Structures are given as C-alpha cells and as structure tokens.
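Colleague: Sequence order for the protein chains is S and B. Last residue of the first sequence: 207 (this note's numbering), numbering continuous. Last residue of the second sequence: 105 (this note's numbering), numbering continuous.
None of these hints come from the bench; they were simulated from the model. Quick caveat: nothing in here was measured; it's all calculated off a predicted structure. The beta carbon of each residue, even a glycine, is placed where N, CA and C say it ideally should be. Heads up, some of the hints might be wrong.
To be verified - Footprint (simulated), chain S over chain B, 3 or more residues, beta carbon under 8 angstroms:
hint, stretch
1, 24-33
2, 36-50
What the hints assert, rightly or not - Covered stretches of chain S, as calculated for chain B (at least 3 residues, CB under 8 angstroms):
hint, stretch
3, 97-107
4, 189-196
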Amino acid sequence: MAEVTTAEASEEAHATSLGLSNEKLAMWTLLGSECLFFGALISAYLIYYTNYNGQPEISPALFDIPFTSVSTFVLLMSSLGMVLALSAIQRGDDRGFRIWILATAIMGSVFLSGQIYEFTVFVNEGMRLDTSPFTSSFYVMTGFHGIHVTVGVLMLITLWARSMTGKLTSEHSDVVENIGLYWHFVDIVWIVIFTAVYLVPYEQVGA
Amino acid sequence: MSDADDLEHADHPDSSQYIVIGIILAVFTAIEVAISFAAVPGEIAVPALIILTVLKFLLVVMWFMHLRFDSGWFRRLFVFGLGVALAIYAATISLMLYAGAATQA
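Same shape as in the complex, but just chain S (with noise of 0.2 angstroms):
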C-alpha cells in the first residue's frame, strides 16, 4: 500500500500544469535564449567583418570553403544520426539507438577536428584571437559554436555508455529527445554561420 502512494506520488510529482515535460520545456527555453547568445556573436562577426577600418582585414582566399562544406555536410549529417538514434530508441531497439548515436558522436568529432586544423591554419597565416576586433569576433564566435559542439560530443558518448552498460532504454527517450534537441540546435548555429561567414560575397554585398 505504501509503495502504491509512493507511486501515485511520484506520477503527481511529474504532472504538469502545461501536460507538458519540465525537462524539455528547459530545453526549449534554454535553446530559444541561445538564440540571442549566437545572435549577438553572428552581429558582432557582420560588424567588424564590413566596417572595421573600411575593408575586411582578411582575404576571403583565406577560407577554404571545400573543406569547410566538408565538414559542415558532415554535422548535417550527424542531425540524421542523432534523429535516427532517437527513433531507435523509440521503438525499443537498443542496438540501433548505440549504432546511430555512436555515429553522431564520431561526425561532431570530424568536425571539431576540422575546427581545430582550420584554426591552426589562420593561426599560422597571422591571423590570431588578439590581431583585432575581427579575429576576435571570428574566433569567438566559431570557438564558442565549437564549446557546444564538445559538449554535445560529451553528452552523446555519455548516453551510449549508458546504453552499453544498460541504464539507457526505451524508457528514457525523453533524455535522448532532449539531448537530441540540443544537438539539432548547434546543427542549425552553423547553418547560419557557414552561409553568413564563409558563403556570402560581402565585397559584391557592398558594392
């Protein structure tokens, strides 16, 4: 009898006044106030890359857009995965869930790895975090995308070592849904950074 209070306790815990889950309404809350995180970066970026001095301070050679579309054809790719895995997991098949989400975890590393071999290229080319409020700009802007790019690897590979030792199953989908959630978002930031930082033309903007 006392387990069953314990239970109808527990269900009553968990209610909500909206029907909806706590934890993915902080998601969503978390993710709608990133919005203005990266807003502010991308801004910033705009700003110094156009008017700084008049020009920009570096040559649009200096991005090697075939690698960049790589890697960002990559990420695109591992919000597949991680969709994927969540469907997996959905259904109740573990193998599939630590398959895909173990794929998503590799291709967020592909592409942090191709973060870094970028950085130390411009590094090398005099272009630094302190050359001017441009770099600066740059670098935050993409290094502070590539910190929630870590920490989502971080928390993918802690869920698929939660499914590989069995704490991880259908019955937790909801933290799959969430993490997922987070990952699809650090997707789309690049969507807009890739177009805004290495596709668009600024000089032919301007002219």
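Chain B: place on chain S using the hints.
Modeller: Just chain B now, with coordinates in the frame of chain S:
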C-alpha cells in the same frame, strides 16, 4: 515513457522520412557551395544563399526537432528567442549601413 509522451511521439516522422530530409539538406548545401563558386552576381547569389539557409534551418527545426509536431508552447518559446535575435540582426544591419563610423579605428 508516460502516456503523454506516447501521444507526443505518435505523429513523429518515421526513419525513411528523416532520411529524405537528410538528403534534401545535403542537396541544399551542395547548391549553396555551387553558388559560392560560380560567377553568380551578388544581387542573385546573396538572396539565393539566404533563402537556402532559411529553408535548411526550417527543415531541421520543424522535422528533426519536431517543432511541427510538438506542443505550441515549445514553438512560442523558440520563436520568441529567435525573434529577438533577428531584431539584433536587423539593428546590426542598420548599423552597418548607416553608422559604420562607430566601428572605425
């Protein structure tokens, strides 16, 4: 998983739909890169790149993040943050066009 969660997930796309969305995202990215390499005039290239980026953004948010299928509360929270962020972009573009001197050395 609770009954509410089951109901929440009932309308989610299946794996084949996710793969189709993934292929569309890859194709859009390929088109973006092709535009940036081709000798497309800026008046055409910039709007085309922005439109493709918005489409990719919406595909991920609406399908992969399930905003199309989930409660309207999640949508409102996200759209509020996104709306204020876009307002920051708008203010920035205004600064770039009309008050560039503020960032001169």
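Colleague: For every hint, state whether the structure bears it out.
Modeller: Now the hints, each set against the structure:
Evaluation of the coverage hint for the stretch 24-33 of chain B: fulfilled, as 5 residues show C-beta separations to chain S shorter than 8 angstroms, against a requirement of three. Coverage of a stretch by a chain is defined here by at least three residues with a beta carbon nearer than 8 angstroms to that chain's beta carbons; for the stretch 36-50 of chain B and chain S the count is 9, and the condition holds. Only residues whose C-beta sits within less than 8 angstroms of a C-beta in chain B count toward coverage, and the stretch 97-107 of chain S has 0 of them, not enough to reach three; the restraint is violated. Check on the stretch 189-196 of chain S: 4 of its residues sit with their Cβ under 8 angstroms from a Cβ of chain B, so the three-residue criterion for coverage holds.
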